[in-house]
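Novice: Let chain A serve as the given structure and place chain B on it in line with the hints.
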Amino acid sequence: MGDSQYSFSLTTFSPSGKLVQIEHALTAVGSGQTSLGIKAANGVVIATEKKLPSILVDEASVQKIQCLTPNIGVVYSGMGPDFRVLVRKSRKQAEQYHRLYKEPIPVTQLVRETAAVMQEFTQSGGVRPFGVSLLVAGYDDNGPQLYQVDPSGSYFSWKASAMGKNVSNAKTFLEKRYTDDMELDDAVHTAILTLKEGFEGQISGKNIEIGIIGTDKKFRVLTPAEIEDYLAEVE
Amino acid sequence: MSNSVIEVPPKGGFSFDLCKRNEMLAKKGVNPPSFRKTGTTIVGLVFQDGVILGADTRATEGPIVCDKNCEKIHYMAPNIYCCGAGTAADTEAVTDMVSSQLQLHRYHTGRESRVVTALTLLKRHLFNYQGYVSAALVLGGVDVTGPHLHTIYPHGSTDTLPFATMGSGSLAAMAVFESKYKEGLTRNEGIELVTEAICSGIFNDLGSGSNVDVCVITKGGKEYLRNHLQPNPRTYTNSKGYSFPKKTEVLLTKIIPLKEKVEIIEGGDAMEE
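Same order as they appear, the protein sequences are chains A and B. Quick note on full-length UniProt numbering: the first sequence kicks off at 1 and runs consecutively. Quick note on full-length UniProt numbering: the second sequence kicks off at 1 and runs consecutively.
Chain A on its own, in the form it takes in the complex (with noise of 0.2 Å):
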């Protein structure tokens, strides 16, 4: 392909128009583990597989959603290092925020100024590009929301969304499933059934993850015991 020899430097456009960089990072996403998002009538969802390498981790130790101010959390496919990195960066911001103007952040600022910082990384020198998709839940003013942040720093609103390796499953699966007035509950149990879908071994609550943020826009993670709760019901 002419594009390959274009693809050793992020910082130069291939002769089709596209950064090979970028595609490459979409694709490091798009092996990572699956995980979604589903917005309800009265809050939002967000989900992933917790598939550890080994039965020896200690999976209470890996937290894969996490909280990013008391009202929005965040979930990712693709590499966890980066992802660290860009949560980092985000409370930040919220936090620097706050301080200036004295009121929560809204989330759609928020995701903007995360998608800034992972688009400056694709228009740096010596810097790559980061390897994770994120999934931004949360719960404002102006009710919930669910953006979907992609490494080239674009980012979507979305009702549902997936990503990592299920997707297209996953996607069929969310818009055959998905309606606009669901409930939170619903929306979780359809989370579960979703990763159900393309899940390798038993699920319980141990190798999932839940996080969800209600009308009282707190966001919080599901202790497993909650999640085995649910499961319960969707059997």
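Hints were generated in silico from the structure; no laboratory data involved. All clues given are correct.
Using 20 Å as the maximum straight-line C-alpha spacing, the simulated EDC-like pairs for lysine to aspartate or glutamate come out as follows:
{"#": "1", "chain 1": "A", "residue 1": "Lys102", "chain 2": "B", "residue 2": "Asp96"}
{"#": "2", "chain 1": "A", "residue 1": "Lys92", "chain 2": "B", "residue 2": "Asp96"}
{"#": "3", "chain 1": "A", "residue 1": "Lys218", "chain 2": "B", "residue 2": "Glu112"}
{"#": "4", "chain 1": "A", "residue 1": "Lys176", "chain 2": "A", "residue 2": "Glu197"}
{"#": "5", "chain 1": "A", "residue 1": "Lys196", "chain 2": "A", "residue 2": "Asp185"}
{"#": "6", "chain 1": "B", "residue 1": "Lys222", "chain 2": "B", "residue 2": "Asp49"}
Which chain A residues face chain B? A few, computed with CB under 10 Å, are given here:
{"#": "7", "residue": "Gln63"}
{"#": "8", "residue": "Gln66"}
{"#": "9", "residue": "Cys67"}
{"#": "10", "residue": "Leu68"}
{"#": "11", "residue": "Thr69"}
{"#": "12", "residue": "Val87"}
{"#": "13", "residue": "Arg88"}
From the derived model, a few chain B residues whose C-beta atoms are all more than 10 Å from chain A:
{"#": "14", "residue": "Lys20"}
{"#": "15", "residue": "Asn22"}
{"#": "16", "residue": "Ile64"}
{"#": "17", "residue": "Arg111"}
{"#": "18", "residue": "Ser134"}
{"#": "19", "residue": "Ser157"}
{"#": "20", "residue": "Thr158"}
{"#": "21", "residue": "Asn188"}
{"#": "22", "residue": "Gln230"}
{"#": "23", "residue": "Asn232"}
{"#": "24", "residue": "Pro245"}
{"#": "25", "residue": "Thr253"}
{"#": "26", "residue": "Lys254"}
Using N, Cα and C, we set each Cβ at its ideal position, and we do this for glycine too.
Specialist: Below, chain B alone, put in the same frame as chain A:
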């Protein structure tokens, strides 16, 4: 890249380049505006279940009371509060900044903030500015290691005490504490003692006045009692309102409108010299 020489102070710290100019201006009688100082009586004490902080509510600008009911007990973390004396802007900015840093720290560690963390962040900042950030603070809170109370001086030194007072009214308040404080006070005894100490500052110090704010912090949570006591109400207001004497009577009103005559000429030549 700019070519001009920009006087940039080294990382952190103030640039004192304008001091000579200010001195010269002061000699000529042009004084800089006076800034708002809190004057203040602020206190804190440790009781059996936690910490109680107290403060008066007067803010002064030189000899004038500029705020009769300001808030001197600042939020640092859900379990840590800080009273501030000195220059109001400095205390507010410094507590705001450290509160922000504590929030980020909480996200990164996933744990409740500790009082010593807030203490160290504050004292490092104040020491860096060599006392020019005029903030004298009483920091109190309850964390996993127990209840803590500290005082922080503008130059960055700190004390850890069972009871503490700061501000211009600190001597009046300390007199009350020294005579009446004992270990193992109950919540109500503690609030009463704090209120008494602040009142002593309010009535005996010109820099303190108006109302008493109290904040009780325990392991279970915090109670911010804003204006817990109001010993200085405005009592002598006329309930009928005020009527001012009539001004000079108006005998005659005559309005002459000014008519502007504007002639619009169409076409015409361009402006001549």
